[in-house]
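Put chain B on the given structure of chain L with help from the hints.
Residue numbers (numbering that gives the first Met the number 0), protein chains in the order written: chain L, 0 to 176; chain B, 0 to 176.
Any given hint could be a false lead.
The list cannot tell twin chains apart, which means a pair is met if one copy fits it or any two copies do.
Each computed EDC-like pair below joins lysine to aspartate or glutamate, with the alpha-carbon atoms no more than 16 Å apart [unchecked claim]: (1) 64 / 138; (2) 68 / 136; (3) 109 / 2; (4) 68 / 97; (5) 6 / 131; (6) 64 / 90; (7) 64 / 88; (8) 64 / 45; (9) 68 / 42; (10) 109 / 81; (11) 109 / 161; (12) 109 / 88; (13) 6 / 112.
Treat the hints as calculated values from the structure; they're not laboratory data.
Number of protein chains: 2
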Amino acid sequence: MYEVELKLRADHGELRERLAAIGAELMGTVTQVDTYYDHPVRDFAETDEALRIRRETDESGESVKVTYKGPLVDSASKTREERQTGVGDGETMAAILESVGFEPAATVEKARERFRCGEYTVTLDRVAGLGEFIEVETEAEEINPAREGAIDLLESLDLDPECGIRRSYLGLLLDAN
Amino acid sequence: MYEVELKLRADHGELRERLAAIGAELMGTVTQVDTYYDHPVRDFAETDEALRIRRETDESGESVKVTYKGPLVDSASKTREERQTGVGDGETMAAILESVGFEPAATVEKARERFRCGEYTVTLDRVAGLGEFIEVETEAEEINPAREGAIDLLESLDLDPECGIRRSYLGLLLDAN
Numbered sequence: 000m001y002e003v004e005l006k007l008r009a010d011h012g013e014l015r016e017r018l019a020a021i022g023a024e025l026m027g028t029v030t031q032v033d034t035y036y037d038h039p040v041r042d043f044a045e046t047d048e049a050l051r052i053r054r055e056t057d058e059s060g061e062s063v064k065v066t067y068k069g070p071l072v073d074s075a076s077k078t079r080e081e082r083q084t085g086v087g088d089g090e091t092m093a094a095i096l097e098s099v100g101f102e103p104a105a106t107v108e109k110a111r112e113r114f115r116c117g118e119y120t121v122t123l124d125r126v127a128g129l130g131e132f133i134e135v136e137t138e139a140e141e142i143n144p145a146r147e148g149a150i151d152l153l154e155s156l157d158l159d160p161e162c163g164i165r166r167s168y169l170g171l172l173l174d175a176n
Numbered sequence: 000m001y002e003v004e005l006k007l008r009a010d011h012g013e014l015r016e017r018l019a020a021i022g023a024e025l026m027g028t029v030t031q032v033d034t035y036y037d038h039p040v041r042d043f044a045e046t047d048e049a050l051r052i053r054r055e056t057d058e059s060g061e062s063v064k065v066t067y068k069g070p071l072v073d074s075a076s077k078t079r080e081e082r083q084t085g086v087g088d089g090e091t092m093a094a095i096l097e098s099v100g101f102e103p104a105a106t107v108e109k110a111r112e113r114f115r116c117g118e119y120t121v122t123l124d125r126v127a128g129l130g131e132f133i134e135v136e137t138e139a140e141e142i143n144p145a146r147e148g149a150i151d152l153l154e155s156l157d158l159d160p161e162c163g164i165r166r167s168y169l170g171l172l173l174d175a176n
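Just chain L, with the same shape it has in the complex (with noise of 0.2 Å):
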């Protein structure tokens, strides 16, 4: 299974109306603040890897998880290894990971309304420091046909899958300071 992900800027005021539109339907909201860490002495930046802490918070209440995430393994998929499990206490694991020698490098906020449509989540993220955005992603076997839907999603909701941003949020604050 590929998953494949198209992102792009876009203001959120109409995209609601036109998400009704189209028959989508409102699935939740959700905040997370991913704080990412710098390694003592490896350049995750230069390995391709990332350590975060992410607290999230919907309305079941505030959960916090620890990720690991590998170099790309499949370019044109974005395929990494992903590793990721839940913690008690965030502060107290901020706490540990800052011990032994990680620093917080960045923090990314957002605001994250997820809706269904068809075969794609379609995400409305609300970014510090950064804008709108409008995330269209699902699994598939084949690339090319998922993407196509992806891209025909995009032009029913008058966006220009052109447009699209292939960096991620975390990337685009840090090269934004």
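For chain B alone, coordinates are given in the frame of chain L:
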């Protein structure tokens, strides 16, 4: 508050009877499998720190914790900074640590029976590769009276408090290898 703790080698066979005779109450049993990690660049033996994943199984099920222990801040009371939080999945946490360069250095596996005896907790530890031990501990405002009480308790169990062991189980295991 100080934590006062005395530890001795002791065969458990006769001890359970003697504990019953002095009115000690069995609180529960637990098995703990502790994996200690080497830091990618820091020598934890030299800095007197530790990073550990503990998998604990008791009557209520299994739980996993990750713990950082800092160097001694007070050698008389053996006080250390300690930060510990629960983790959803121990294998994933281990994989995350290994991905960022930590290596499993030693495993300490023990079965513990805990008894309450007045102000003291008495623990019978059976440690894989090391044998059987007893630990007597309490928390107190003043070290000396608490220490005297622990000595009296050990004597009432026909044990010799002079044979106290200051080394941790991890230290004893590393010494043995």
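Comparing the hints with the structure gives:
1. When the C-alpha separation of residue 64 and residue 138 is checked against a cutoff of 16 Å, the pair qualifies neither within a copy, at 22 Å, nor between copies, at 33 Å.
2. Proximity of residue 68 and residue 136 under a CA criterion of 16 Å is satisfied in neither setting, with 19 Å inside one chain copy and 42 Å between copies.
3. In this homomeric assembly, residue 109 and residue 2 never come within 16 Å of each other (Cα to Cα): the closest approach is 21 Å inside a single copy and 44 Å across copies.
4. In this assembly of identical chains, the alpha carbons of residue 68 and residue 97 lie at most 16 Å apart only when taken from different copies (12 Å versus 18 Å within one copy).
5. With identical chains, the CA atoms of residue 6 and residue 131 are at most 16 Å apart within one copy only, with a shortest distance of 11 Å there and 60 Å across copies.
6. Taking the shortest Cα distances, residue 64 and residue 90 sit within 16 Å of each other both inside one copy (11 Å) and across copies (14 Å).
7. Within a single copy, residue 64 and residue 88 get their C-alpha atoms as close as 9 Å, and across copies as close as 11 Å, so both meet the 16 Å cut-off.
8. When the C-alpha separation of residue 64 and residue 45 is checked against a cutoff of 16 Å, the pair qualifies neither within a copy, at 24 Å, nor between copies, at 31 Å.
9. For the homomeric pair residue 68 and residue 42, the shortest alpha-carbon distance inside one copy (14 Å) is at most 16 Å, but the shortest distance between copies (26 Å) is not.
10. Within a single copy, residue 109 and residue 81 get their C-alpha atoms no closer than 21 Å, and across copies no closer than 32 Å, so neither meets the 16 Å cut-off.
11. In this homomeric assembly, residue 109 and residue 161 never come within 16 Å of each other (Cα to Cα): the closest approach is 24 Å inside a single copy and 60 Å across copies.
12. In the homo-oligomer, the alpha carbons of residue 109 and residue 88 never lie at most 16 Å apart, since the shortest distance is 20 Å inside one protomer and 26 Å across protomers.
13. Only within a single protomer do residue 6 and residue 112 lie at most 16 Å apart by alpha-carbon distance; the minimum there is 14 Å, versus 56 Å between protomers.
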